[in-house]
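K.L.:
Next come the chains, spelled out residue by residue.
2 protein chains.
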Amino acid sequence: MDVALHPDVSWLAALIGTWEGTGTGEYPTIDGFSYLESITFGHVGKPFVTYAQRTRHPETGLPMHAEMGYWRIPGPGAIEIVMAQPTGLAEIYEGAMVLDGPTMVVDVRSTSIGATTSAKEVTITERTFSVSGDEMQYTFRMAAVGQPLQHHLSARLQRVA
Amino acid sequence: MDVALHPDVSWLAALIGTWEGTGTGEYPTIDGFSYLESITFGHVGKPFVTYAQRTRHPETGLPMHAEMGYWRIPGPGAIEIVMAQPTGLAEIYEGAMVLDGPTMVVDVRSTSIGATTSAKEVTITERTFSVSGDEMQYTFRMAAVGQPLQHHLSARLQRVA
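Going down the list, the sequences are from chains A and B.
Following the numbering used here, the numbering of the first sequence begins with 1 at its first residue and continues without gaps.
Following the numbering used here, the numbering of the second sequence begins with 1 at its first residue and continues without gaps.
Note that these hints are calculated values from the structure, not bench results.
Each residue gets a CB set at the ideal place from its N, CA and C atoms; glycine is no exception.
Among these hints, one or two may not hold up.
Stated by the list, open to error - A few chain A residues facing chain B, derived, Cβ under 7 Å:
(1) G61
(2) P63
(3) G88
(4) S112
(5) A161
Could you put the whole structure together from the sequences, leaning on the hints where they help?
P.N.:
Below, the structure is given as structure tokens:
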């Protein structure tokens, strides 16, 4: 977009673009797995940033997970994320955004997880994103299907656009 | 996509594509308004359909609303929608999909509306979509900011792709 980033989300400027990389996942109820990932952050000049993510199988290239939503900055250092999951979950995250030297760290926790009748039970989710220049890392922790909160995903991506 | 629609969402085949049209909105707390709209339904061969919507101002062309999410079919005649709103809302809808002659009607009501701390209060939302060939109409009803459930939006779109 040629339009300028809305001042409310200027703190998120470092995210705008497309990121690609690889990740791994684990959870007590499933086999470990790895994935290729693409994340795009965009904007239309309004006070939010769009987020769209897709993962693919590293050998077959077939689609695995996807999710999308919006990132908002309600005030200095604060962040809100609204996320839709094709697994039947609608998540609200809230948390903090801090600068650690050249690294921007976004640390959020679910405050609401809506679920369709057919969705699996997920009770808590936490995400930490770290962005430093053209490098992004994230981790994802989850309490789901009767398991306590624990590590589920980690990935490392690079800016490609 | 060249990939076939997943059998679980084959009932949604009539939606896949891009739709454009116009709509109008009203609510006791705001002035009436009109908008240009584009809706795209897509898929990647998995058991959900992606939904992305944007509206623009009819004179200035500037972006107004946007929302995105996933549509799911948990069983015959049933439908689940997961929706992320940049206004800070994460919605779950459930309802029914019926065929009325050549017209497919999707009628859903919110079962969960998660909200960020900074979001306006929305307590109930209802949507009805009607699709007949290349014509789509929808209406949207809402209880929000202390007002009872009532009509908010209606739009008429045509398939363009």
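K.L.:
If you check each hint against the structure, which ones fail?
P.N.:
Structure breaks hints 1, 5.
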